[in-house]
Amino acid sequence: MARGAVFASPFKAVTISAPDTNQLQAVAKTILQANFERYRRFMDVDEGRVDPNEWKLVRTKDQVGVYLERPSRKTFSPFQVHPVAVQSVLQPLLCVGPTPGTLDNVMLGVASREDSNDLSRAAVLSTLQTPTTADPFQSVAVKWTELDVRLKSMGLVKNHDCVETEVDEKSVVVLTTEELTPVHEVSSSTVDGIVHVLTKTSDWLQLYEAVVMLRRIVAHHSEVVTTKQVEEFLRPLALECDSLRSTPSKNGLLACVECFRFLPRPVLERPLLGGAHPEVLDVLVRRSVCEKKFLRDTAATAAEELSARLAGLPLLAAVARYGTSKNAKLCGTAAKIIASSLLRLQQGQQSLAHKGSESLRSVYRALAAFRESKDSTARTEASSSFQRLGELLGAQELELGLKEALPGVGQAGVVARILKDAFATTNGAKTRPRMGTLRDRMR
1 MARGAVFASP
11 FKAVTISAPD
21 TNQLQAVAKT
31 ILQANFERYR
41 RFMDVDEGRV
51 DPNEWKLVRT
61 KDQVGVYLER
71 PSRKTFSPFQ
81 VHPVAVQSVL
91 QPLLCVGPTP
101 GTLDNVMLGV
111 ASREDSNDLS
121 RAAVLSTLQT
131 PTTADPFQSV
141 AVKWTELDVR
151 LKSMGLVKNH
161 DCVETEVDEK
171 SVVVLTTEEL
181 TPVHEVSSST
191 VDGIVHVLTK
201 TSDWLQLYEA
211 VVMLRRIVAH
221 HSEVVTTKQV
231 EEFLRPLALE
241 CDSLRSTPSK
251 NGLLACVECF
261 RFLPRPVLER
271 PLLGGAHPEV
281 LDVLVRRSVC
291 EKKFLRDTAA
301 TAAEELSARL
311 AGLPLLAAVA
321 RYGTSKNAKL
331 CGTAAKIIAS
341 SLLRLQQGQQ
351 SLAHKGSESL
361 RSVYRALAAF
371 RESKDSTART
381 EASSSFQRLG
391 ELLGAQELEL
401 GLKEALPGVG
411 QAGVVARILK
421 DAFATTNGAK
431 TRPRMGTLRD
441 RMR
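Its first residue numbered 1, the sequence shown is counted upward by one per residue in our numbering.
Just so you know, these hints were derived from the structure itself, not from any lab.
Be aware that a few hints might be false.
[Claimed, not checked] Result set (EDC-like, lysine to aspartate or glutamate): computed pairs, CA atoms no more than 20 Å apart in a straight line:
#1 K200 <-> E232
#2 K403 <-> D375
#3 K326 <-> E397
[What the hints assert, rightly or not] Derived Cβ-Cβ restraints for the label pairs, each shown as a range:
#4 M43 <-> E358: 21 to 29 Å
#5 L343 <-> R270: 20 to 28 Å
#6 K374 <-> E47: 33 to 41 Å
#7 R270 <-> L32: 22 to 30 Å
For glycine and all other residues, C-beta sits at the position ideal for the given N, C-alpha and C.
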């Protein structure tokens with residue numbers, strides 16, 4: 001068939017059963033995931049260099065080379081049955097090199113419909129998955145095409161029929177922390193280049209790649225990151241976390257997780273909590289209550305890592321600003337961060353510095369507000385926080401601090417109830433064991 005010829009399928013529409021459809025989609029997804037992992041290691045670890053000991057060049061055209069994976073030599077026992085069956089799997093192909101084209105060619109592949117004929121000189125036999133509003137760049141279709149054969153012009157053979165499952169996956173895959181690979185020849189100047197891209201570029205894909213590179217450096221080379229660089233990239237990182245695109249947002253939130261997990265506390269604390277309005281903390285709290293579950297879960301993980309790394313009064317005071325928030329869910333997240341931070345201090349047997357400071361009084365006021373919140377999580381975490389404060393500070397110090405933070409005759413009852421709940425386990429009267437049946441006790 002001539003290149004570029006307009007044609008339709010010579011066959012009738014093919015109906016594929018639901019089990020077969022699910023199986024084809026599962027196989028296609030498995031192949032994509034496996035090859036994406038190999039591609040990532042080929043680009044990140046091997047830096048795009050083909051190992052001739054692993055790949056054999058079988059064809060070249062223009063600047064493109066096609067390689068066939070060399071079969072690995074296996075030794076077999078003389079008592080093993082049918083050793084040839086092990087080598088019956090298909091050998092992977094590797095295609096490397098630039099292909100000539102124009103911007104129109106690129107946009108045709110991005111914007112055209114995958115379930116229409118005359119794409120890649122193939123006709124659609126059945127469409128298994130069509131693009132949707134939720135997944136606009138994913139489709140799966142079964143197509144038919146003809147493979148041109150060299151000897152066709154001599155009349156010896158005919159073109160070969162080929163039925164294929166075509167999968168279009170144009171979405172961006174967000175790597176987990178375990179999938180991040182080290183960077184070759186990394187230095188502090190590498191981080192400076194990333195900061196420059198984050199602060200000067202508006203293209204979302206370049207920003208995405210810069211955040212991925214930052215994640216790799218933080219996860220494997222945290223020693224090259226300085227406090228000044230953290231101060232510079234925190235604001236653009238917060239903007240990435242707050243992006244309307246789900247993929248950059250999750251990528252940015254994962255970068256926060258890794259910063260809190262791998263960067264030293266002295267490098268993080270002042271840039272993150274030193275300002276009057278910590279933007280990263282605000283984004284984490286807001287993202288933890290957003291409508292998308294995978295973003296909520298990632299933000300919650302980041303908040304947990306933050307509580308573990310920076311447990312102390314500066315973090316408590318920064319989160320206490322949400323004590324005046326009218327959003328009950330935000331109050332729940334803030335109360336959870338405070339409770340988690342206090343638990344870390346308690347587990348590490350650390351003291352709470354600046355016991356009589358205004359920062360600690362602001363924490364008291366915030367927890368008192370959370371205790372009366374409409375959100376059950378806020379109420380529960382606030383009660384737990386007062387119990388942990390009682391264990392860290394002692395009954396007398398907590399009572400004095402609460403009276404200073406909540407002055408006035410009208411607040412005396414609130415202070416009394418907080419103290420009663422905080423020390424209910426230790427000071428509560430022991431209940432008498434019940435003896436006999438209810439009828440016997442009523443006599």
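Against the structure, the hints come out as follows:
1. K200 <-> E232: holds (12 Å)
2. K403 <-> D375: Answer violated: K403 to D375 is near 25 Å, above 20 Å.
3. K326 <-> E397: Not satisfied, since the Cα-Cα distance of roughly 30 Å exceeds 20 Å.
4. M43 <-> E358: 21 to 29 Å: violated (52 Å)
5. L343 <-> R270: 20 to 28 Å: holds (24 Å)
6. K374 <-> E47: 33 to 41 Å: violated (55 Å)
7. R270 <-> L32: 22 to 30 Å: Since R270 and L32 have Cβ atoms about 44 Å apart, the given range 22 to 30 Å is violated.
Of the numbered hints stated above, those contradicted by the structure are hints 2, 3, 4, 6, 7, listed in ascending order.
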